[in-house]
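Asks: Spelled out from the first residue to the last, the chains are:
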Amino acid sequence: MFFLENAWIIPAIPAASFLLILFFGKRMPRKGSEIGIAAVGLAFAFSVLAGVAWIDRVENPPPAAHDTEQVDEHVDEDHAEETEHAAADVVQVAASEEGGEGHHAVEPVTNSWTWWQSGGTEFQVGTFVDGLSVMMLFVVGLISLLVHVYSTDYVRDDPRYTHFFAFLSLFTASMMTLVISENTFQIITAWEMVGVCSWVLIGHWWEEKPNADAALKAFLTNRVGDVGLVIGMIILFFAAGSFNVVEINTLASEGALSHTALLAASLCLMAAVMSKSGQFFLHTWLPDAMAGPTPVSALLHSATMVVAGIFMVARMYGVFWEGLSIGTSSINALALIGGVTTLVGASLAFVQRDIKKVLAYSTISQLGYMVMALGVGAWTAALFHLFTHAFFKACLFLGAGSVSHACHHSFDMVADMGGLRKYMPHTFKTFMIASVALAGIPPLAGFWSKDEVLAGAQQLGDGGYPLMFVMGLLTAGLTGAYVTRMVYLTFFGEHRGHGTPHESPKTITTPLWILAGFAAVAGLFNLPDAIVPDGIAYRFEHFVEPTAAYFPSISHPSFSWGLAIVSTLIAVGGVAVSYGYWFQGRWHGITERNGVARAGYRLLENKYYLDTLYETVIVGAIKGPIARASYWANQNLFDRVVDGVGNGTVDGGRRVHKYFDRAVIDGVINMSGRSAEGAGAALRLIQNGRIRQYASLMFGGAAILAGVLIVIV
Amino acid sequence: MLLTNFLMLSSILFCIGVYGVLARRNAVMVLMSIELILNAVNINLVAFGTIHGSISGHVFALFIIAVAAAEVGVGLAMVLLIYRNRSSIDLDDVDLLKG
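Respectively, the protein sequence lines represent chains A and B.
Counting with my numbering, you get residues 1 to 713 for the letters of the first sequence.
Counting with my numbering, you get residues 1 to 99 for the letters of the second sequence.
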C-alpha cells in the first residue's frame, strides 16, 4: 500500500535525477549516465512494487482483507510479470468468486494536494493509481531503463552525452507524472512536458538542419492537437465543474452530463490524440521524428510518448464512451480514424528505404489498431496491445540502432545493409523474434493482442464494427508483408555496404534480449479462457481494467477460434507473398509492367501526398489559387452586377472626383502623410541610442506622472 | 516623527541612485545605482510596514531583495558579454539600435 499511496515518489526520482545530472553530471566519472540509470532503475523497482501492491489490492479489496500481508513483496523486478500468475494461482479462489456477475469494485488509490487557488477554484496536483497507471508505470520504467543502458554505448563520445541523459530522465519523469495524473489539469501539464522533451531529444543533433527541422515539425504538429486538448478539457471543466478525472468520468458514465458537451469534448480531445499518437492525417511528424537518436525513437516515438494519446483516451473513457456512443453504434469517429490510420501506416511502411521509417510507419499502424480498439469499445484489447507493442517495437527500434551501429551509422536498408544475419547473430535473433511478434504470428505477443482487437471490432457495439473489422484484417496481412520485406533487406541476401559489420557490445545486446523475451511471452498475460483454465485466463483484464464507478460498464469480446485462425492465415499469407517476392524473386518488375501497380507505388512513395498537401497545397492555395479564384469570382460575377450600377454612377462620380476628391480628400490624405513623416523625423531625434538620455526621459516622465498623481489625489 | 526620518533617508538614497543611473557611463556603476534605488524602496516598505503594524511590507521587501539579486545576476552577465564583444562597458558605446 505504501507505494500506491505515495506514488508521487516514482516520478520524483527521475525528476531529481534530471537536476542532478544537469548540475553535477559532467563531473561524474561516467558523465552523468550512472545517475540516470540508478534513478530510473530505482523508479522502475518502485513501479514494480506498486504493481505488486495493486495486484494484492485487486485480489483482496479493502476493507475485506486488510490483514493480508503482501505475499510477493520480495519479488525481484525481472519476474514481476510472472508473479502475476503466481499471485493469481495463490488466490484463485478469490478470483473465481469474482468471476460471476460483477467484479468487486476496486477503488483507485488517490491522493491530492492543492496546487494553487484562483477565483475560488482549487487546482489540485496529486496521484491517481489504478491498474492502468500501474501497467503504464511498469512499461515506461522498464523501457526507459533498458534505453538508458543501451544509450551508454549508442551515444558514447557524443559532445552532449550528459545533456542527453538529463533529458532522458526528464522525459521519464514527465511520462510517469502523466500516467498517475489525478486531474485533467495535471494531464495537460505533463502532456506538454513530454512534448518538450520530445522536441529536445529529436533535435539532439541540431547542428544538422534536417534534424532541427524535424524537431520543430514534431513540436508544431503537436501544438495543433494540443489546442484540441486544452479546449476539450475546458469543455469538460464547465460541463462537470471539476478537473478531477474520477469525478468527470463518474458523472459522464452516469449520464449526468449533456451528450452534446461530451461529444464536443471528445472530438476536441481526439485532435490531441491524432497529433500525439500519430493518427491519420496529423501523423506526418512521426516518421520525421526518426531524425533523433535511435534510443530516443525507441523510447519516445514507439513505446511510450506516442501512446500518451491512447492513455488519455483510456483514462477519460467515460467521456468518450458516452460522447461517441461507442457501446451502441457501428461506426464512430474514433474507430474510423484508427481504422484508416492502421491501413495508411501499414501501406506506407512498404516503400521506405530507411529501416527506421519502416518502423515509424509500422508504429503509426499499430497505434491505429489501439485507437480503433478504443473506438469499438475494446478497452482492454487496446491497452493490452499497447503493452505488447511497447516491448516488440522497442526491441525492433533498438535492433535497428544496433544494425546501423555496425553499418557506419546508416539506416538505408537498400544501400548499406543486407546479409547481416551472419555478422550479428544476437541482433538477428532478437530482431526476428520481435518481427514475428509484430507480424502477429502465434504464439508470440502481437498475435494475442491483435486478435483481441479484431474480436472487439467483430463483436462489440451495435452488431459489430464491420468496416473496422475489414480494415484490421487487411492490415494484418500488410503487416506480415512489410515485416518480411524489412527483415529480408536487412538480414538476408548479400551485404551491400562496405567494410565488415560487427556485432554490437553487451550493453546493446542485453536490452535487446530482455525486450525480445517480453515480446515472446507478453501475450500470455491475457490468454482467453477458451485455451487456459479460468484462474490464469484474462489476467491482464482482471488487474488492469478498472471496475469502480468512474469506468463505463463495457462488454468484452469473446475469443473465437475461427477469427484467430483467419487472422493468422491472413498474416501468414502476407508473409508468404512478401517471401515469394523478396526471397525467391517472383513478380519482380511488376511496378514497371503494370500501370496500376506503378501508380500505387508512386502514391505510397509520396506518402499519399500528405506532406505536399500541407506544404504546397494548403499554404500555396492561400497564397495563390484561392486568391486568384476569389479575384476571378470578383471580376466575373460580382462585377457584372456592379457594372450596371457602376456605369450609371460614373458620370456623377467624375464630377465629384473633380471638385471634391482632388481638392478635399487628396488634400487631407497628403497632409496626414506629410505630418506622419514630419513626426517621424522629429521622433527619430529621440531614438539616438544614448541610454542615459532614455533613462532621464523615463525618470522625467515618472516624475511628471507622480506629480499629476499627487495633484489629483 | 520616526517615519519621516526613514522617508527622508529613502528619498535621499533614491535621488543618489537616480543621479548615478543618469550620470554614470560605466555599466557596473549604473547597476549599483539601480540597487540603491531598489533599497530606497525597501526602506519605504519596511518603514510603512512597521508603522501600520503589518507584515506585508516586510514580505515585499524580502521579495524585492530576491528579485534584485536575480536582476544583478543577469545584468552583470550581460555586462560581461558586452565587455567580451566590445572590450568596453561604456554605455554610450552600446547604441546598435539607434534610429
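Because the hints were derived from the structure by calculation, they are not lab data.
Warning: the hint list may mix true and false statements.
Unchecked claim - Straight-line Cα separation of at most 25 Å, SDA-like style, residue types lysine to any residue; simulated pairs:
(1) K26/A x L96/B
(2) K357/A x I531/A
(3) K429/A x F492/A
(4) K506/A x F281/A
(5) K31/A x F492/A
(6) K26/A x L7/B
(7) K26/A x L22/B
(8) K26/A x E207/A
(9) K31/A x A45/A
Claimed, not checked - Here are a few chain B residues that face chain A, going by a calculated C-beta distance under 8 Å:
(10) V18
(11) V21
(12) L22
(13) D90
(14) L91
(15) V94
(16) D95
To be verified - Residues of chain A clear of chain B, computed beta-carbon distances all greater than 10 Å:
(17) V340
(18) G463
(19) G535
(20) G646
Quick reminder that beta carbons are idealized off the backbone N, C-alpha and C, glycines included.
Asks: Give a verdict on every hint.
Replies: Hints, one by one, checked against the model:
1. K26/A x L96/B: violated (37 Å)
2. K357/A x I531/A: violated (37 Å)
3. K429/A x F492/A: Roughly 13 Å between the alpha carbons, so the hint for K429/A and F492/A holds.
4. K506/A x F281/A: Cα-Cα ~40 Å, so violated.
5. K31/A x F492/A: violated (38 Å)
6. K26/A x L7/B: Measuring from Cα to Cα gives roughly 50 Å; hence the hint is violated.
7. K26/A x L22/B: Violated: K26/A and L22/B sit about 43 Å apart, past 25 Å.
8. K26/A x E207/A: holds (21 Å)
9. K31/A x A45/A: holds (23 Å)
10. V18: holds (6 Å)
11. V21: holds (5 Å)
12. L22: holds (5 Å)
13. D90: violated (10 Å)
14. L91: holds (5 Å)
15. V94: Holds, because the Cβ-Cβ distance from V94/B to chain A comes to roughly 7 Å (cut-off 8 Å).
16. D95: holds (3 Å)
17. V340: Consistent with the label, V340/A stays out of reach of chain B, its closest Cβ about 51 Å off (over 10 Å).
18. G463: holds (65 Å)
19. G535: holds (62 Å)
20. G646: holds (45 Å)
Figure legend: structure checked against the earlier numbered hints; hints not met, in rising order: 1, 2, 4, 5, 6, 7 and 13.
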